[in-house]
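For the sequence shown, numbering that gives the first Met the number 0 begins at 0 and goes up steadily by one.
Incorrect hints may have been included.
Stated by the list, open to error - Cross-link-like lysine to aspartate or glutamate pairs, in silico, DMTMM-like; alpha carbons within 20 Å at most:
#: 1; residue 1: Lys323; residue 2: Glu310
#: 2; residue 1: Lys193; residue 2: Glu298
#: 3; residue 1: Lys250; residue 2: Glu298
#: 4; residue 1: Lys323; residue 2: Glu298
What the hints assert, rightly or not - Listed next, with one range per pair, are the computed distances between beta-carbon atoms:
#: 5; residue 1: Asp109; residue 2: Thr276; range: 54 to 62 Å
#: 6; residue 1: Gly329; residue 2: Ala86; range: 53 to 61 Å
#: 7; residue 1: Ala188; residue 2: Ala356; range: 43 to 51 Å
The set of hints was computed from the structure by calculation and includes no laboratory data. The beta-carbon is built from N, C-alpha and C at its ideal position, and this holds for glycine as well.
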Amino acid sequence: MRGHPAPVPSLRQRLTELRGPGVRPRPLDARALAALAANPGCRRRALLDGAGVDKAGLARALGAPAAYGQSQFALVRGNSFEARVKADGGAELLRLVCERLAPGAALPEDDAVARPDLSASGPEGRAARTALALRETTAAGGWALLDHPLLAMEVAGSPAYLEPDAVVVHPDGTWTVVEIKSFPMIDGAADAAKVGAAARQSAVYVLALEAVAERVAAHTGRPARVRDRVLLVCPKDFSNLPTAAPVDVRKQLATTRRQLARLTRVEEIAAAPPEGTTFDLGLADDGRTATRPAPELTEAVEAVSAAYAPECLAACELAFHCRKRSRQDGSVESLGRGARGELGGLRTIEEALAAAAGAPGPDPDDPAVRALRTAAALRAEALAAPRAHTAPQEETDACR
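All chains, please: the whole structure from these sequences, using the hints.
In structure tokens, the structure reads:
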């Protein structure tokens, strides 16, 4: 008698097995999505983020904790500054929006600004309530301020819920994403690296809002469009007073859209690890200490391929673990994406050194091999050249 085939588990069930039974998933936020879009070839991060695994706890259990994320002090300072910006119904925030994005426009009266209640049960309910509020306020044709709306977005077949600091609806039917940061804006300019990170994060919000805008326009018959300039609000100089600047995110938006489209779907990645693979830490009663042996966790993590690059150190909690493994394997990825691209088919540092030394094996017609051998010859020639010594000048009598 022929047995029935084992039922194929659903994606949600498979991700639950990988995360660990009873372990609540970590939400996939805009910062994680921006980092994922910057490295779409990393299947490891795509799976861990899709399953909602606590990557920081996993890194600690692997013995490679990352100094990544905000300190508690920075979080408190950021929350305090955001509360100040949104005080009095967001009057100061609306003033900055009008001043920076619509110069010359009159500041709306307080009672002319809609401030919809976005509370609902669960992320699905909050996302639906946000979409409804955007539809109603856009159809009304007035100003509206949405405080911490929740946006739903599908990434590689896995749902993600994103929460911008605020979204402002303009009377002309356009929407502006507002990003509030606690780093200072001195003399009208902020740290370029931090502004770039904020722009990449805001681009994810704009991308998620574009899908909502299409549905709103189809339902209301009124144009609805997300502006490609977001408003970055920061403390002015060394005070706690808010100031703002518009940030053009068209470049980041195009890059994020293209990179997210390149992501392999989570179903495909989740099916690759062997049956029984799990990233469950087996947390103790304190909810922080992992009881599962590190070798078991290492085996589970290594079952999914990674695409390490030095840039990961500023964006991923597992970066130190991946860097250690990359160095142990002698992978050229540890040298950076630029060097990796220049080395072509040479996969390890040992292969690159052998090619430079003229060892048999590598194709001598390979452009990367030719470049390495030329560079090695030039280096040897430079080291062999006699050094020119300048005879010290005789000291002269300053009194003569």
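Hint check:
1. Among the hinted pairs, lysine 323 with glutamate 310 is consistent with the structure: their alpha-carbon atoms are about 14 Å apart, no more than 20 Å.
2. A threshold of 20 Å between alpha carbons decides the hint, and for lysine 193 with glutamate 298 the separation of about 35 Å lies outside it, so the pair is violated.
3. At most 20 Å may separate the alpha-carbon atoms for a hinted pair to count; lysine 250 and glutamate 298 exceed this at roughly 39 Å.
4. Restraint check: the Cα-Cα separation between lysine 323 and glutamate 298 comes to about 15 Å, which is no more than 20 Å; the hinted pair holds.
5. The hinted window of 54 to 62 Å between aspartate 109 and threonine 276 holds, with their beta carbons roughly 56 Å apart.
6. Range check, glycine 329 to alanine 86: about 56 Å between beta-carbon atoms, so the 53 to 61 Å window is met.
7. Checked against the hint of 43 to 51 Å, the pair alanine 188 and alanine 356 passes, with Cβ atoms roughly 49 Å apart.
The structure is inconsistent with the numbered hints 2, 3, although it conforms to all the rest.
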